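Novice: Sequence:
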Amino acid sequence: TADYIAFRDKNPLFPDSAVMMKELYPNKISEAAEEVLQDLFPGGVNTRQKIIAVQHRDIPTKEARLELALALDKVSKEGHATIVFFAAGTVPGHDSISCYKKVAQLMTEPSIVYEVENMWKLA
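Residues in the sequence shown are numbered consecutively from 1, following this note's numbering.
Keep in mind the hints are simulated off the structure, nothing from the lab. These numbers were taken from a predicted model, which means no experiment stands behind them. Any given hint might turn out to be false.
Below, in silico cross-link-like pairs of lysine-lysine (BS3-like), each with a Cα-Cα straight-line distance of 30 Å or less [as the list claims (entries may be wrong)]:
1) Lys50 - Lys28
2) Lys62 - Lys101
3) Lys77 - Lys62
4) Lys62 - Lys28
5) Lys77 - Lys101
6) Lys50 - Lys74
7) Lys28 - Lys101
8) Lys74 - Lys102
9) Lys22 - Lys77
10) Lys62 - Lys50
11) Lys102 - Lys62
When you get a sec, could you build the whole thing from the sequences and use the hints?
Specialist: If you want it as structure tokens, here you go:
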């Protein structure tokens with residue numbers, strides 16, 4: 001299972017549609033979640049493994065990417081968790097797998113860039 005936290009809007013009026021997907025399609029989402037874990041950890045996942053899913057917009061400057069990498073390192077280390085970058089879609093100026101890779105390369109803690117673009121696996 002997962003918890004949901006977002007910092008998209010100051011005062012959101014409606015829930016994010018990605019959060020609603022699990023309520024609308026619980027079986028499909030559960031099956032896809034198992035596939036994602038197999039994708040991320042082909043040798044099997046430790047049931048104590050903590051994962052922090054991160055999605056962010058494209059970050060054009062190296063300084064800003066480094067700032068994010070340092071913050072994610074801190075969260076990863078303090079939370080004993082692996083950071084997993086994922087893109088719900090790659091609309092220009094929004095999610096960017098190449099940006100995720102750049103941030104991951106700046107990190108010292110373990111991270112994974114999940115390059116699959118599949119609505120069911122990312123919901």
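Novice: Would you mind marking each hint as holding or not holding in the structure?
Specialist: Hints, verified against the model:
With a C-alpha separation of about 22 Å, the suggested pairing of Lys50 with Lys28 holds against the 30 Å cut-off. For the hint pairing Lys62 with Lys101, the CA-to-CA distance comes to about 12 Å; that is within 30 Å, so the pair holds. With a C-alpha separation of about 22 Å, the suggested pairing of Lys77 with Lys62 holds against the 30 Å cut-off. Pair hint Lys62 plus Lys28 does not hold up; C-alpha atoms about 38 Å apart against a cutoff of 30 Å.
For the hint pairing Lys77 with Lys101, the CA-to-CA distance comes to about 19 Å; that is within 30 Å, so the pair holds. Restraint check for Lys50 and Lys74: the C-alpha separation of about 14 Å stays at or below 30 Å, so the hint holds. A distance of roughly 29 Å separates the Cα atoms of Lys28 and Lys101; the hinted pair therefore holds under the 30 Å criterion. Between Lys74 and Lys102 the alpha-carbon distance is near 17 Å, which keeps this suggested pair within the 30 Å criterion.
This hinted pair checks out: Lys22 and Lys77 have alpha carbons roughly 29 Å apart, not beyond 30 Å. Restraint check for Lys62 and Lys50: satisfied, since their Cα atoms lie roughly 28 Å apart, inside the 30 Å limit. Distance check on the hinted pair: Lys102 and Lys62 sit about 9 Å apart at the alpha-carbon level, within 30 Å; holds.
Taken one by one, the earlier hints fail for this structure only at number 4.
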